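**Student:** Residue-level listing of the chains:
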Amino acid sequence: MIKRMAKSRAWRKFFRNKMALVATSLIGVYALIFVAIVGVQITDATGLTDVGSREGLKLRVMPPKWPGFLEAPDVDRRYDSLDWQIGNLDRLFKKDLNALDDPAGELGSVSLAERKLAELPIDELRALLDETNDRFDTLNEVFGVLEEVEDEIYFLPDSLAEAQEAGDSELVAELEAQLVSFKAERDEINTRVDEGLASVEASLEDLMPMPTGLDGLVYSFRTMFGSDVLGQSISVRAFYSIKIAFQVGLVVATLSVLIGTLLGAMAGFYGGWLDGAVMWLISTLSSIPYLVLLAVLAVMFSGHQYFDNSAEYPELQLVKLYTAMGLTFWVGTARVIRGEVMKIKELEYVQAATAIGFGRFYIVLKHVIPNTFHIMFINFSLLFIGAIKSEVILSFLGLGVSGQPSWGTMISNSKDDLSNYFFWEVGAASFLMFVLVLAFNIVSDALQDAFDPKHV
Amino acid sequence: MWGFIARKLIYNVPVYLGIILIVMLALRVQDPVLPQLSKNPSPAEIASVRENLGLDRPFVIQYLDLLKNVVTFNFEEESWTQGGKSVGEMLKDSIPMSLAITVPTLGLSAIIGVCIALVAAYFRGRAVDKILMIFAVLGMSISYLVYIIFGQFFGAFLPRQAFGGENWPFEINGYGALFLGEGASPMNWVSYYMLPVIIGLIVSLGYDTRFYRAVMVEESTRDYITTALAKGAGKRKVIFVHMLKNAMIPIITRVMATLPFLITGAVLMEIYFNIPGMGFQLINALRALDFPVIQGFVAVLAAMFILTVIATDVLYALVDPRVRLS
Numbered sequence: 001m002i003k004r005m006a007k008s009r010a011w012r013k014f015f016r017n018k019m020a021l022v023a024t025s026l027i028g029v030y031a032l033i034f035v036a037i038v039g040v041q042i043t044d045a046t047g048l049t050d051v052g053s054r055e056g057l058k059l060r061v062m063p064p065k066w067p068g069f070l071e072a073p074d075v076d077r078r079y080d081s082l083d084w085q086i087g088n089l090d091r092l093f094k095k096d097l098n099a100l101d102d103p104a105g106e107l108g109s110v111s112l113a114e115r116k117l118a119e120l121p122i123d124e125l126r127a128l129l130d131e132t133n134d135r136f137d138t139l140n141e142v143f144g145v146l147e148e149v150e151d152e153i154y155f156l157p158d159s160l161a162e163a164q165e166a167g168d169s170e171l172v173a174e175l176e177a178q179l180v181s182f183k184a185e186r187d188e189i190n191t192r193v194d195e196g197l198a199s200v201e202a203s204l205e206d207l208m209p210m211p212t213g214l215d216g217l218v219y220s221f222r223t224m225f226g227s228d229v230l231g232q233s234i235s236v237r238a239f240y241s242i243k244i245a246f247q248v249g250l251v252v253a254t255l256s257v258l259i260g261t262l263l264g265a266m267a268g269f270y271g272g273w274l275d276g277a278v279m280w281l282i283s284t285l286s287s288i289p290y291l292v293l294l295a296v297l298a299v300m301f302s303g304h305q306y307f308d309n310s311a312e313y314p315e316l317q318l319v320k321l322y323t324a325m326g327l328t329f330w331v332g333t334a335r336v337i338r339g340e341v342m343k344i345k346e347l348e349y350v351q352a353a354t355a356i357g358f359g360r361f362y363i364v365l366k367h368v369i370p371n372t373f374h375i376m377f378i379n380f381s382l383l384f385i386g387a388i389k390s391e392v393i394l395s396f397l398g399l400g401v402s403g404q405p406s407w408g409t410m411i412s413n414s415k416d417d418l419s420n421y422f423f424w425e426v427g428a429a430s431f432l433m434f435v436l437v438l439a440f441n442i443v444s445d446a447l448q449d450a451f452d453p454k455h456v
Numbered sequence: 001m002w003g004f005i006a007r008k009l010i011y012n013v014p015v016y017l018g019i020i021l022i023v024m025l026a027l028r029v030q031d032p033v034l035p036q037l038s039k040n041p042s043p044a045e046i047a048s049v050r051e052n053l054g055l056d057r058p059f060v061i062q063y064l065d066l067l068k069n070v071v072t073f074n075f076e077e078e079s080w081t082q083g084g085k086s087v088g089e090m091l092k093d094s095i096p097m098s099l100a101i102t103v104p105t106l107g108l109s110a111i112i113g114v115c116i117a118l119v120a121a122y123f124r125g126r127a128v129d130k131i132l133m134i135f136a137v138l139g140m141s142i143s144y145l146v147y148i149i150f151g152q153f154f155g156a157f158l159p160r161q162a163f164g165g166e167n168w169p170f171e172i173n174g175y176g177a178l179f180l181g182e183g184a185s186p187m188n189w190v191s192y193y194m195l196p197v198i199i200g201l202i203v204s205l206g207y208d209t210r211f212y213r214a215v216m217v218e219e220s221t222r223d224y225i226t227t228a229l230a231k232g233a234g235k236r237k238v239i240f241v242h243m244l245k246n247a248m249i250p251i252i253t254r255v256m257a258t259l260p261f262l263i264t265g266a267v268l269m270e271i272y273f274n275i276p277g278m279g280f281q282l283i284n285a286l287r288a289l290d291f292p293v294i295q296g297f298v299a300v301l302a303a304m305f306i307l308t309v310i311a312t313d314v315l316y317a318l319v320d321p322r323v324r325l326s
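Top to bottom, those sequences are chains A and B. With our numbering as the guide, the letters of the first sequence map in order to residues 1 to 456. With our numbering as the guide, the letters of the second sequence map in order to residues 1 to 326.
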C-alpha cells in the first residue's frame, strides 16, 4: 500500500514542497525526542543521566529563577543566589559530618544536579567554605557602604533644592561638589561590588566545581534556559513537555479521527436512522461552545482519586484530557467524512463491489474508508495541533495536567514572572510549542494543497 | 421561507433537548453537595442540603424542570455560590461585558482581514502576497494564551511602568460599566476593553486573512473574471468591484458562523483580564460546581447558537439566489 501511495500524484506533489519537507523533519526531531523520553521511562535507563526521567524533572539544578544563556544575571540576583548557596552549605557543615552514617549522601544533598561538592577531604572543604564566608562578609561590608552612599545621593538633591531656594550660593556649590564626589564614590564601590561578587563566585566554584566532559554537557543543557521558581531546570521541563504534547496529540487525534471516520462513513453510507442519529449527535455537540464543552467534560474528572492530581499514576491524569478532547474533536472529522462518503457511494467502483455481492460493511471498510485517507491525514494533523493548543488552555483554566510539566502548566505558572522581567520559562515553553505547531500547520497546508487543492 | 424556518426549528428541537441532557448528565458525575458543606458533615446535613438544592428529585424531574424554566424564560433560580444572585441577573450583567469585547473584535477583524486578503489577492504569487501569508501562518502558530500574556505585558504593564499610570490609557486588568450602573462611562471601554479587543484582533487576523484570501483566489478563477478582463476592465476594478461583491457570500457566512462564539469567544481574555463576562462566569461556576448557573448559561448559549445557525442559512439563501430554501 505504501508503494502505491508513494507513486500517487498527490504524494509526489507533497514531497516536492520543500517547506513541507523541512517541517516534516522538524516534526521528526520532536518525535525522536518523544520516543527517547518514553524509552527512558519504560526501560528505566537512568544510569547515564536522569534527563528525561520523572525524577530528573524535580531536580534542583540552579538557584531559583536564574536566567538562561546570553542573559547576564543582575547584581541582586547574583547576590541572592550566593546567599542561598552559602546558606545551604553552612547548614550542611554545621552538622558533625564525620559522625553521620551516610556522609556521602549528606554531601550530595547540596549538589545542583551534576554540579557536586569537590572531592576533597571534609576539613579542606570546611576551610574552603570558611574562605568563601570571609569573602562573602567582605562583600556584605561593601554593600553596606554602597547603601550609605546611595542614601546620600538620594537625599542630597533635596538639600540642594532647599539651599537654592534660600539663595545660599556657597552652600549650593559645596553640596554640588559633594554630590559629584558621592557619585564618583558610588561608581568606585560598584566596581568593588563586581569584584567582590566575582571573588565569592570563584571560591564557591572551588568548593563546587563546574562539571566537565559529558557531565558538563548535560549540565549546560540543563542550565540552557535557566531555572524556575523552585530551581528546577526550565530546559529539561520544556523538552519533557514534548512527551506530554505528543501523547495528548497522538491519542486525541487518533481517537477522534477513528471515531469520526467510522461514524461519518457509516452515516454517509447507510443513511436512514443511523444518519439521523449521527447527525443529531454532531449538531448537539457542535452547538455547545467548544471551550465550554471541553471544560464541562474535564470537570467530570476533577477531584477523582486516580484521574486528577494523582502522583501515583501520572499517566492517568491525561485520561481526562483524552476524553474531553476525544469527545469534542471527532465531530468535525465526522462531518467532512460523511460528505465525502455520500459522494463516494455513488461512484462506479462501489456499485461494482455491490454487484459482485460484497457485504455493505465490507464495502465501507475496504472501498469507501480507504478513499477518505487523505481527509483523515489532513484532519489528523489539524487535530494534533488542536489538542496541543487545547491542553495549554485547559491547563490555564486549572483543568489540565498537574504535578508534571507541560507547556500549558509552564506558561500558566510563569505568567506572573513577566512583571519581574523573567521571560525564560514562558519563553522556552511557548517557543518549543510554537515550532511544533508551526511545523504541523505547514504540513497540513501542504497536505491540503496536494490532496484537496480546491478546498477553501 | 417561513416553512423553511419552521422546519429548521422543529429539526433543532431534539438537538436542543440533547444539549441540555448532555450537559446535565456530565455535571452530575460530580457531587455538588460536598463543597457546600463543612468538613465532616453528618448524613442528615448532606440530605438536607441535597433537598434544599432540589437534587434529591429524580433526574427526569430535574430535567423537565430546567426545560420548563427555559421555555417560560424563567431564570429566577438563584446561584449557589454568588450570594443569592439569580441566574437572570448574572446573565444581564455579564452579556454586555462579553459583547463589548467580542463585537468590535469580530467587526474589525472581518474588515481588516478582507482588506489584507484583497491586497494579497491583488499581488497573488508575488512577494507581498507571500510575506503576508507567512505572517498569517506564523501568527496562527502562536498559542492564544501567549498572545494574551504578552499582550497584557507589552500593552499595559510595561508602558505603565515607563510612562506612569495616568499617562497610559489601558488598565492592566479590571472592568468598568459602560452605559448603566455605577460610574458608567463609555470612556471605560478604552481603559478596560480596548486592549483585549486589540489582542483578539491580532489573534483572529491570522485565521481570517488566510480564509478570505483563499475565497478571493477561488473567486478569481471564475469565468466572469476572465470575461471582465477580456472586455478590457482594469485589474484593480475587476478585483475590487466584481470579485469583492461575489466574495461577500462566503465572507458573510463566515462572520455569521462566528456570531454564536461571540458570547464565549473571549473566555480566556475575560479570565486573564478579570472581566466578569459570560465566559468568566461560566468557567467560575464550573469550577465551583454551581449547577443553576452552568445550566442556565448553557441553555441560553445553545439557544442563541441554534438561532444564529438558522439565521445564517436563511441569510445565505437571501444573498445567493443559487441556493434554494428546501
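Calculated from the structure, these hints are not laboratory results. Hints may contain errors.
[To be verified] Heads up, simulated EDC-like pairs for lysine to aspartate or glutamate below, C-alpha to C-alpha not over 20 Å straight-line:
{"hint": "1", "chain 1": "A", "residue 1": "K18", "chain 2": "B", "residue 2": "D129"}
{"hint": "2", "chain 1": "B", "residue 1": "K8", "chain 2": "A", "residue 2": "D452"}
{"hint": "3", "chain 1": "A", "residue 1": "K95", "chain 2": "A", "residue 2": "D130"}
{"hint": "4", "chain 1": "B", "residue 1": "K130", "chain 2": "A", "residue 2": "E162"}
{"hint": "5", "chain 1": "A", "residue 1": "K58", "chain 2": "A", "residue 2": "D275"}
{"hint": "6", "chain 1": "A", "residue 1": "K343", "chain 2": "A", "residue 2": "D275"}
{"hint": "7", "chain 1": "B", "residue 1": "K130", "chain 2": "A", "residue 2": "D445"}
{"hint": "8", "chain 1": "A", "residue 1": "K183", "chain 2": "A", "residue 2": "D215"}
{"hint": "9", "chain 1": "B", "residue 1": "K8", "chain 2": "B", "residue 2": "D320"}
{"hint": "10", "chain 1": "A", "residue 1": "K345", "chain 2": "A", "residue 2": "D275"}
{"hint": "11", "chain 1": "A", "residue 1": "K345", "chain 2": "A", "residue 2": "D452"}
{"hint": "12", "chain 1": "A", "residue 1": "K183", "chain 2": "A", "residue 2": "E205"}
{"hint": "13", "chain 1": "A", "residue 1": "K415", "chain 2": "B", "residue 2": "D320"}
{"hint": "14", "chain 1": "B", "residue 1": "K237", "chain 2": "B", "residue 2": "D223"}
{"hint": "15", "chain 1": "A", "residue 1": "K58", "chain 2": "A", "residue 2": "D158"}
Just so we're clear, the structure is a prediction, and the values are computed from it rather than from any experiment.
**Student:** Keeping to a limit of 20 Å between CA atoms, is the pair of K343 (chain A) and D275 (chain A) held or broken?
**Tutor:** holds (15 Å)
**Student:** Just to be careful, I want the Cα atoms of K95 (chain A) and D130 (chain A) compared with a cutoff of 20 Å; is the pair within it?
**Tutor:** Given that 20 Å is the threshold and the Cα spacing comes to 15 Å, the pair holds.
**Student:** Can you confirm whether the C-alpha distance between K18 (chain A) and D129 (chain B) stays at or below 20 Å?
**Tutor:** It holds: about 18 Å lies between the C-alpha atoms, which stays within 20 Å.
**Student:** Need the status of pair K183 (chain A), E205 (chain A): alpha-carbon distance at most 20 Å?
**Tutor:** Judged against 20 Å, a Cα distance of about 33 Å means the pair is violated.
**Student:** Do the alpha carbons of K58 (chain A) and D275 (chain A) lie within 20 Å of each other, as the hint requires?
**Tutor:** violated (51 Å)
**Student:** Has the given pair, K58 (chain A) with D158 (chain A), been kept, meaning a C-alpha gap of at most 20 Å?
**Tutor:** Answer violated: K58 (chain A) to D158 (chain A) is near 51 Å, above 20 Å.
**Student:** Can the restraint linking K130 (chain B) and D445 (chain A) be considered satisfied, given a maximum Cα separation of 20 Å?
**Tutor:** Holds, at about 14 Å.
**Student:** Taking only the CA atoms, is the gap from K415 (chain A) to D320 (chain B) under or equal to 20 Å?
**Tutor:** violated (47 Å)
**Student:** Does the structure keep K237 (chain B) and D223 (chain B) at a Cα separation of 20 Å or less?
**Tutor:** Holds - the C-alpha atoms of D223 (chain B) and K237 (chain B) are around 16 Å apart, at most 20 Å.
**Student:** Given the hint that K8 (chain B) pairs with D320 (chain B), does the C-alpha gap stay at or below 20 Å?
**Tutor:** holds (19 Å)
**Student:** When you check the alpha-carbon spacing of K345 (chain A) and D275 (chain A), does it fall within 20 Å?
**Tutor:** OK: K345 (chain A) and D275 (chain A) at ~14 Å, within 20 Å.
**Student:** Is the straight-line distance between the alpha-carbon of K183 (chain A) and that of D215 (chain A) 20 Å or less?
**Tutor:** Since the Cα atoms of K183 (chain A) and D215 (chain A) sit roughly 45 Å apart, the hinted pair is violated (cutoff 20 Å).
The structure fails hints 2, 4, 5, 8, 12, 13 and 15 (numbered hints given earlier, in ascending order).
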